[in-house]
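Each protein sequence line maps, in turn, to chains Z and D. Position one of the first sequence corresponds to residue 1 (UniProt numbering), numbered consecutively onward. Position one of the second sequence corresponds to residue 1 (UniProt numbering), numbered consecutively onward.
Hints should not be assumed to be uniformly reliable.
[Claimed, not checked] As a list, the in silico DSSO-like pairs of lysine-lysine whose alpha-carbon atoms are at most 30 Å apart: (1) K110(Z) x K114(D); (2) K113(Z) x K114(D); (3) K434(Z) x K111(D); (4) K497(Z) x K114(D); (5) K114(D) x K363(Z); (6) K111(D) x K110(Z); (7) K434(Z) x K114(D); (8) K411(Z) x K424(D); (9) K411(Z) x K111(D); (10) K363(Z) x K111(D); (11) K497(Z) x K111(D).
These are calculated hints, taken from the structure and not from any lab test.
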Amino acid sequence: MSLIGALARLEAVESGRARPLATVRHRHLSPRPMVFVPLTTAGEAGAPLGALVGTGRDAPQLLAVAQPRDRDLRFAFLSELAEVLLPYLDGYADGVEPAERGETDPETGKRVKVEVELCADAPQLIVPSGPGIDFVRLLGRSMRFRRTAEQDPGTPYPAPPRVPLLGRWLTHYGERARVPGSSLLLAMTDLLGRHWATGQSRLEDRHLGALLAWIAPPEGGSGAEAALRAETERDREGQLVCPPAGPATDPAFDNGLLAPVMERYDRARQALAAAADGAAADEQLARLTSAEREIRSLLEGVLRPTWDAVWDGVDLLLELPEGPHVADRWKRDRWSFTGHRDRVRAGEPPQPRRDDAVTAARKLAARETAQAQLDAQEALDDPLVLAGRRLAGEAFVGVVADVTMAWSESKRPSPRPLLTLRTQDTPHLGSGVKAYRSLAGRPQSAEFVRYEEDGALVLRLLDRMGRSRDPAEGSVPDVGESVAWTLFEHDQRGGPKLPEPEDTPWTHGGPPRTDAESPDAVTPEDLL
Amino acid sequence: MTGTVIPLFDPGAEAARATAAILEDTLTGDARGVVVDSPPGAGKSTLVVRAALELAAAGRPLMIVAQTNAQVDDLVVRLAEKEPGLPVGRLHSNDPDPYDSALDELPAVRKSAKAGDLAGLDVVISTAAKWAHVQGVEPWRHAIVDEAYQMRSDALLAVAGLFERALFVGDPGQLDPFSVVGAEQWAGLSYDPSASAVSTLLAHNPELPQHRLPVSWRLPASAAPLVSAAFYPYTPFRSGTGAEDRRLTFGVASDGSGADRVLDEAAESGWGLLELPARHTPRTDPEAVRAVARVVQRVLDRGGASVSERSPDPVPLTADRVAVGTAHRDQAAAVRSALAERGVTGVAVDTANRLQGREFDVTVVLHPLSGRPDATAFHLETGRLCVLASRHRHACIVVCRAGVAELLDGHPSTEPVQLGVAVKFPDGWDAMFTTYLHLLEHRVSWRP
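Let the sequences and hints guide you as you build the complete structure.
Dropping the structure here:
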């Protein structure tokens, strides 16, 4: 944890309220996000139990699986989910704007600009917590390799029509969520934790109810008490007043409420199947329906508080103005969405189960670049984040005390003015260390020259002063001006070009197999 | 070498035998790769230089991949020292001051930012990062990859197309390469891009010959057994020198302070632990930083002198032979400014990552767990402690707050076990405990 983060947490403990870690919002929030609050079945990995989904706080749609071990019901759930999510995703696919993309011409090998479409906006998925993102990934993996009857008439257990497609989209969103600063798929606890520091540990911050209790405690109460209540308070029946944000459920709920009703549901179903005549069947059907209705109402009861909490979080975040660089990062998210839309339309196969060596290396390089960019942009967008970097010696703010003109020693001398700066900060400067400032949105670099005897420091400006002998107007700060300098670069150079997957070298196992991946073979364990 | 060398173990002969086997596999073997594990100070660079010269002498041009510009420049200088007439190409970046200006003095070394300009030279050397941008050149038949355990798998992926076969040399005990973003999704894959180049290479080519250098010429007899036992339990090594071959003395007598007492202990035994009272502190613990600075200052003020196999006469211990190692950059910065306040200059102060591959007579280490309330995977990393504890030729002094044993007891390692990932032995926790128990025998408690 950074020093300023530790300080904010201490202050939060002292004041009983969360302290801001940011003065602007560092993630994009869609005006119409799709909130997805899933629940999973205890002890049955990848078996969804139910979910609330929707784009409006007042209109959540409840999806429930009365018996999660029944694969037909599970497919029915996924099918319903696809009916909600796919139209939402499709709704953004056609609103496009023209854009340019650099591509390598296959014939000449030269870089050329190509006119392409870029989706003007992209759909955004919000889940309550980090494990929710993992669950989205799990759902994606479990669906994208399924075959529908249309794709493969011989498949023994065909998936409903749109389920594999939803699997591909959820996989794409789950993968994109791993890119630092991306906003296609967000977890509310991560979002709030980025913008506020509570007086509890990061582990405890993963409880959405407790986190919100610190940020917006009840009138007159302390965050610590409210958080403790959110975590532990139970009603007379022993149920948590603030259920966990999922996808895991509270065991007391599973054992005390859900299991008995599910058993009633199972019995009614068996009896219905065994019913000898119409009257008996009607009676059992009524029992079945009533049990199902009860399961749905139980699930809605534990999902609704989390649903409301996610929207409370959205409201809190919308109060913060959006950081200037957020739109820039959202544009990358739009590219990501557009790219996957194009791959789906082109009929490409689903994402492979595992990345090949080259893809994995490319993804890692892209994420490292994104992380460095995010760290720099957040500091440039937000004085509070910059303060943390200043405290860590990675940035400083100084007042220009003197400007001495100097020139480079070359045939055509370029301006290399020396700036004397006074600062209270203690940056980690040494000979040759570079410092950067933002000049009209572009980085201008300087190098550290020396400390003066009175503690002032001298920098030599290196670029962005134009081509003539005298620096361009406004490119050199004036005496008395206060300038923020960072010791980290504002922009990241892209990494080296990696070989194409078919040129994977011998050190990495050679080229990957090219034949399409088939879904797992059906084994006896797959059948109940 | 005096008569104190342990019978039945002749370090010079052992090392020569290992080197001969490596060179034979490299020059005449038919495997596409040869892997050499080298403990700290075992003559890794010497081996690289020797292999390069022999390959060049056999009329086989080669490329050398190192990890940092300092390592590249160092290798160029060493090659030129051994074989002044050898045509060497130094491929460098387009940044200002891309290489050490000492290279300009070497007539046979050509420098360029374009690989094409260096074509045809016997040896071309650059960093992995620069090699990764080289395209459209004829592949080399041979390559030497230095510090291969510190090179990431994705960096090897970017350069492996440039050569047909390679000698990979490195120290498996030092810091593993790392990534600033999570890479768990690839853990267990043979080509995990965040893993070390050697682990990917061996996962795909398990039949490659693997060698080991058996003797550390840097570590004194007092340090090799501990470093070997704590960090290389299954691949032990010995020191090349005996207990009587190295001696550290001070011209000025002790003033009885904690710093002086721990210096005397370290001069006598090779190790010293200056223990401050237990306390939870921020990373840049001012008391510990002052204690480190004080120890360094006393090393220099007391007129240290060293005797070693290199010179029978005492050699004065100067600032450039002393280093301070820390876990974090802000700690290094704090020590630097504390030293500057005392007027001490010329002492290398850096993090473990940046001290890798360097050698000093005396090192002063701020213990990674000093003053911490918790022991995270970062602070427990085996390689970090291994680097800090294996940079010295004479003595290593560790400054630490009391309570490391209790801290370790409170934080057993809890890193998840990933399927398909070879579990590293020893784990950091175990290595921490082994070294700490040893250091306790050389403890000087001090209340500032």
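Hints, one by one, checked against the model:
Annotation: proposed proximity of K110(Z) to K114(D) holds, straight-line Cα distance about 19 Å (limit 30 Å). For the suggested pair K113(Z) and K114(D), the alpha carbons sit about 27 Å apart, so the restraint of at most 30 Å is met. Pair hint K434(Z) plus K111(D) holds up; C-alpha atoms about 25 Å apart against a cutoff of 30 Å. Between K497(Z) and K114(D) the alpha-carbon distance is near 16 Å, which keeps this suggested pair within the 30 Å criterion.
Using a Cα cut-off of 30 Å, the hinted pair K114(D) and K363(Z) holds, with the two alpha carbons roughly 28 Å apart. Taking the CA atoms of K111(D) and K110(Z), the gap is near 28 Å; set against the 30 Å cutoff, the hint holds. Restraint check for K434(Z) and K114(D): satisfied, since their Cα atoms lie roughly 25 Å apart, inside the 30 Å limit. With a CA separation close to 58 Å, the supplied pair K411(Z) and K424(D) exceeds the 30 Å bound.
Under the criterion of a C-alpha separation no larger than 30 Å, the hint pairing K411(Z) with K111(D) is consistent with the structure, at around 23 Å. Only pairs whose Cα atoms come within 30 Å are accepted, and K363(Z) paired with K111(D) is rejected, the gap being roughly 33 Å. Restraint check for K497(Z) and K111(D): the C-alpha separation of about 23 Å stays at or below 30 Å, so the hint holds.
Checked against the numbered hints above, the structure violates hints 8 and 10; every other hint is satisfied.
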